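**Q** Take a look at the letters that make up each chain.
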Amino acid sequence: MTDIILQARGLQKSFGALRVTDDVSLEVRSGEIHALIGPNGAGKSTLVQQLTGHLESDAGQVALCGQDVTSLGPVERAAKGLGRTFQISALAMENSVLQNVVLGALGRRGGVFRFFAPVMKDRALLDVANNALARVGLRAQAKVRTSDLSHGQRRQLEVAVALTQSPKAFLMDEPMAGLGLEGAGQMIDLLRKLRAEAPILLIEHDMDAVFALADRISVLVYGKIIATGAPEDIRRNREIQLAYLGKEAEL
Amino acid sequence: MRREHIINLVTLAVLVVVPLGAWVLDEPFIITLATRAVIFAIAGVGLNLALGQGGLVSLGHAAFFGIGGYAMGILASHAQAYAPLMEWPFLIEGTKSMPIIWLVAVVSSALAALAIGALSLRTSGVYFIMITLAFGQMIYYFAISWPAYGGEDGLVVYVRNGFPGLNTLDPIQFFGLCFCVLCIVLWAMSRVQNSAFGLALASARQNPVRVQSVGIDPYRLRLVAFTLSGAITGLSGALFADLNRFVSPTMLSWQMSGEIMVFIIIGGVARLFGPVIGAMIFILLEHVLGGVSEFWHIYLGALLLMIVLFAKGGVIGALAGREVAHD
Numbered sequence: 001m002t003d004i005i006l007q008a009r010g011l012q013k014s015f016g017a018l019r020v021t022d023d024v025s026l027e028v029r030s031g032e033i034h035a036l037i038g039p040n041g042a043g044k045s046t047l048v049q050q051l052t053g054h055l056e057s058d059a060g061q062v063a064l065c066g067q068d069v070t071s072l073g074p075v076e077r078a079a080k081g082l083g084r085t086f087q088i089s090a091l092a093m094e095n096s097v098l099q100n101v102v103l104g105a106l107g108r109r110g111g112v113f114r115f116f117a118p119v120m121k122d123r124a125l126l127d128v129a130n131n132a133l134a135r136v137g138l139r140a141q142a143k144v145r146t147s148d149l150s151h152g153q154r155r156q157l158e159v160a161v162a163l164t165q166s167p168k169a170f171l172m173d174e175p176m177a178g179l180g181l182e183g184a185g186q187m188i189d190l191l192r193k194l195r196a197e198a199p200i201l202l203i204e205h206d207m208d209a210v211f212a213l214a215d216r217i218s219v220l221v222y223g224k225i226i227a228t229g230a231p232e233d234i235r236r237n238r239e240i241q242l243a244y245l246g247k248e249a250e251l
Numbered sequence: 001m002r003r004e005h006i007i008n009l010v011t012l013a014v015l016v017v018v019p020l021g022a023w024v025l026d027e028p029f030i031i032t033l034a035t036r037a038v039i040f041a042i043a044g045v046g047l048n049l050a051l052g053q054g055g056l057v058s059l060g061h062a063a064f065f066g067i068g069g070y071a072m073g074i075l076a077s078h079a080q081a082y083a084p085l086m087e088w089p090f091l092i093e094g095t096k097s098m099p100i101i102w103l104v105a106v107v108s109s110a111l112a113a114l115a116i117g118a119l120s121l122r123t124s125g126v127y128f129i130m131i132t133l134a135f136g137q138m139i140y141y142f143a144i145s146w147p148a149y150g151g152e153d154g155l156v157v158y159v160r161n162g163f164p165g166l167n168t169l170d171p172i173q174f175f176g177l178c179f180c181v182l183c184i185v186l187w188a189m190s191r192v193q194n195s196a197f198g199l200a201l202a203s204a205r206q207n208p209v210r211v212q213s214v215g216i217d218p219y220r221l222r223l224v225a226f227t228l229s230g231a232i233t234g235l236s237g238a239l240f241a242d243l244n245r246f247v248s249p250t251m252l253s254w255q256m257s258g259e260i261m262v263f264i265i266i267g268g269v270a271r272l273f274g275p276v277i278g279a280m281i282f283i284l285l286e287h288v289l290g291g292v293s294e295f296w297h298i299y300l301g302a303l304l305l306m307i308v309l310f311a312k313g314g315v316i317g318a319l320a321g322r323e324v325a326h327d
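Protein chains in written order, with my numbering: chain V, 1 to 251; chain E, 1 to 327.
A hint or two may mislead.
[Unchecked claim] Among the chain E residues that face chain V by a calculated CB cut under 10 Å, a handful are:
| hint | residue |
| --- | --- |
| 1 | Ala188 |
| 2 | Arg191 |
| 3 | Val192 |
| 4 | Ala196 |
| 5 | Pro218 |
| 6 | Leu228 |
For the record, the hints were derived by calculation from the structure and aren't laboratory data. The model shown is predicted, which means the values in this text are computed figures rather than measured ones. Here a beta-carbon is modelled for each residue, glycine too, at the ideal position from N, C-alpha and C.
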């Protein structure tokens, strides 16, 4: 039996008359990469925000490791072990690369309200931070100002910050977005290795990446999950091809 | 050594040499000007924690400056009238001792900042500016309409308060005292900037969502920063009132808040010594241009405009280049 790490049950969200999330249930099991795909406007971003706690759901529950976190905000959910990366890089751009990962390590360890000890000399935090940088291949850029990083490096840094959290589950919102062929290849390698550490809910547009990585795929169309299954099943499913991949799609 | 360090040291050197020279030449007025600059610099360093590090544009810091001033005024006026502040349930007497006055000023302005911050920090952007302004104005009008402590006319203290071992009425000694306070505040602030709290606060300014997503609540960071910021500005208010031996609602006015902000903008936002350089330039302009025209603020406005348009990092930003993240 596999453990369910992240679970959504019957999530609902409406904006006025528009039902953006319509009774969505999904689960991310330990050791898997679960991809969530869907055409533009399917409600992926809204669903992500409901999972992270940035948006309150009209109905339904979110559970992390069997614990109900529905009533918790984003800060508490992060503290409970939901690590995430953002569609648009959310980093402290004026800070160095190392400072960004140290912040992550600090959030994980606690002790933010220390006013006198220099944080960039804290060995315990630096170890976690450097380790995370090494894993995404940014060790050499540690002292670079974050705004000077290339787009691809910023995406890697996002993952490094998520790694410092030693999260129970990763929620990655389009980590491939804007990456070139080579960058996407590196990111795919990186995510493949992460799966053993914590399962990943991967929201992604890049179908090559999704089919290369995912153990299971859920398809979201107009706020509903119309199918969940192994990549081969999804590939063969006629309904999805019509709804999403287009009539002429060849995969 | 980094260029910014050199600029900082030069700034401190100028701030020491000018009044010492004036002392040798027997020019007490210049010493008083330097003391004003030092005290304004402390106020600016306080605000810079909220505004520069935290990104919290507060237009209500005169409230804390004035509360510090009134802490001094109220305690000293009771002491000089030999009338206790209250007798029941326990006796509280006035005092002419600076250390006690400073403590009262810091604690009362910190409490005010905690209360104002707790409410204001639920908003952001323009709303935050407006709500801090509104709180500041509330306290301003409260002081005006409180006749027990002088109302609109303010409170006069005849003799400057004392500090153990010093003759505070001697301008150079009072300057030295204020300068020491500035140095201690700057040292503490440099530690805070490099601490865990400083990193989290600066990150929350740049990207609050990032801070949230690693499990840190930006609201709590900002509230602590705002409280500390108010406390430091309150301390400078107590010194300012002691310099003038006078406190009035002018210290609480929103123009005062604006002036403190101007120090930071001239010197360099979020730079440790930004408000120090800013306050020095402000005092210099006030002194030099004030002699030329009563309307010297026009020139100040022009200078501000130039800085905002062409040198956003203020004087330090222009001289030292952009900030290096860390060594």
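**Q** Against the structure shown, which of the earlier numbered hints fail to hold, in ascending order?
**A** none
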